[in-house]
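Enquirer: What follows is each chain in one-letter form.
Number of protein chains: 2
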Amino acid sequence: MKIAVLGTGTVGRTLAAAFSRLGHEVVLGTRDPAETAGRTSPDPMGGPPFKEWHAGHGHIRLDTFAAAAGDCELVVNATNGAASLAALGAAGAARLAGKVLMDVSNPLDFSQGMPPVLNPVNTESLGERIQRAFPETRVVKTLNTMNAGLMVDPRRLADADHSVFVSGDDAEAKKIVTGLLESLGHRDVIDLGDITTARGAEMVLPLWLRLFGALGTPDFNFKIVRRG
Amino acid sequence: MKIAVLGTGTVGRTLAAAFSRLGHEVVLGTRDPAETAGRTSPDPMGGPPFKEWHAGHGHIRLDTFAAAAGDCELVVNATNGAASLAALGAAGAARLAGKVLMDVSNPLDFSQGMPPVLNPVNTESLGERIQRAFPETRVVKTLNTMNAGLMVDPRRLADADHSVFVSGDDAEAKKIVTGLLESLGHRDVIDLGDITTARGAEMVLPLWLRLFGALGTPDFNFKIVRRG
Chain A
1 MKIAVLGTGT VGRTLAAAFS RLGHEVVLGT RDPAETAGRT SPDPMGGPPF KEWHAGHGHI
61 RLDTFAAAAG DCELVVNATN GAASLAALGA AGAARLAGKV LMDVSNPLDF SQGMPPVLNP
121 VNTESLGERI QRAFPETRVV KTLNTMNAGL MVDPRRLADA DHSVFVSGDD AEAKKIVTGL
181 LESLGHRDVI DLGDITTARG AEMVLPLWLR LFGALGTPDF NFKIVRRG
Chain B
1 MKIAVLGTGT VGRTLAAAFS RLGHEVVLGT RDPAETAGRT SPDPMGGPPF KEWHAGHGHI
61 RLDTFAAAAG DCELVVNATN GAASLAALGA AGAARLAGKV LMDVSNPLDF SQGMPPVLNP
121 VNTESLGERI QRAFPETRVV KTLNTMNAGL MVDPRRLADA DHSVFVSGDD AEAKKIVTGL
181 LESLGHRDVI DLGDITTARG AEMVLPLWLR LFGALGTPDF NFKIVRRG
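Here the protein sequences come in this chain order: A and B. Under full-length UniProt numbering, think of the first position of the first sequence as 1, with each following residue one higher. Under full-length UniProt numbering, think of the first position of the second sequence as 1, with each following residue one higher.
Everything labelled a hint here was simulated from the structure, so no lab data went into it. Some hints here could point you the wrong way.
Label pairs and their in silico Cβ distance ranges [said to hold, decoys possible]: (1) B:219 / A:172: 22 to 32 Å; (2) A:175 / B:216: 15 to 25 Å; (3) A:41 / B:218: 47 to 57 Å.
The structure displayed is predicted, hence computed values, not measured ones. Every residue gets a Cβ at the ideal spot worked out from N, C-alpha and C, and that includes glycine.
Chain A extracted, bound-state conformation (with noise of 0.2 Å):
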């Protein structure tokens, strides 16, 4: 499948190489091409320079947000949270109508200090901010509950014996999608329902982060134990 990673961090490069491993045509998207791939500092996550990374990776394209979106059948968005709404804008609604789109971003809010806060929390998500801004999109909610390392192999934990939740409107998407989590070793794949669900997924968050502090990794994982 030709699939469009939006966004250039841990996360997007994680998901990038990942999806490229497995025989996908992979393009990451980015604001500004030119100075994405000049980038020598470090990630603000901590990761290698870009321009490092991209050295062991020149098989993955970088093109503009528009570009990559316009070439792909399907989208990833692992751009960060508040950043989502302008990066899906800047790839435009045109090019992102029909096709689905793997929301993996989380809506956190650094502005108050460390940990960060969730915005929208309870009544909304950032999920159903972007279906409802790019209405013939389809967006499935997923992946945002864990660190990008186990996204992409979860088998490196307990052999995959956790959880990851879908949440999306349109059924045939959630399949697509869910068909993919399972090609990356993903065995527990949870369907939560519409896109309103993605609030009960983004609102973990907060409890992600404390078992962070409390564990000192970020190696872990929800497995939803019950019957059957």
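Knowing the structure of chain A, use the given hints to seat chain B on it.
Expert: Chain B alone, transformed into the frame defined by chain A:
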């Protein structure tokens, strides 16, 4: 131990009966014992009328919030989140001073329809509000992330291979609560940190509610899968 369980809904009844079975001396606290004792209509959550339940649990005394809290070593707040501060106020700061308060409530707000929203969120939690209102009480937030049946009998699901969280400022209080949880069968008690981490444990409720919808049963729990 002498335990006062404040709140006579499903959660309060279930915890009171379980602690009593474990050999503790349990008193249930309510606003108006005569009114509660006389209730012949079903509980709002679908449980039997209090009168009927109490007929089978006559060894569990029913008293006012104040009398129950005064005559115990540990207090459980199992009142509904919207009423918790008032109930604890009726119990009285002096009677709660120095005691361990196990807070299992959730600040669910049903005023905007279903599903309920959480209030407060993000920079505040009900656990913290209680701790701030009763600074001499040793508040431990716990058990709010699962249904009442699993709170008291975790082994009924996957031999208790799932997790429960504790949040609180007082290490000794968390140790006492952890001991009680283990006596109920909990095998994985995760100390999230100080009482502000209750924000994380409370904000998982929206996901719990969507999982309840998606799975069609409240009989599930979160397991934090990690190494070691």
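Enquirer: Evaluate each hint against the coordinates.
Expert: A quick look at each hint next to the structure:
1. About 31 Å separates the C-beta atoms of residue 219 of chain B and residue 172 of chain A, a value consistent with the hinted range of 22 to 32 Å.
2. Between residue 175 of chain A and residue 216 of chain B the beta carbon distance is about 20 Å. The supplied range of 15 to 25 Å therefore holds.
3. Taking 47 to 57 Å as the suggested C-beta distance range, the pair residue 41 of chain A and residue 218 of chain B conforms, at roughly 49 Å.
The structure fails none of the hints (numbered hints given earlier).
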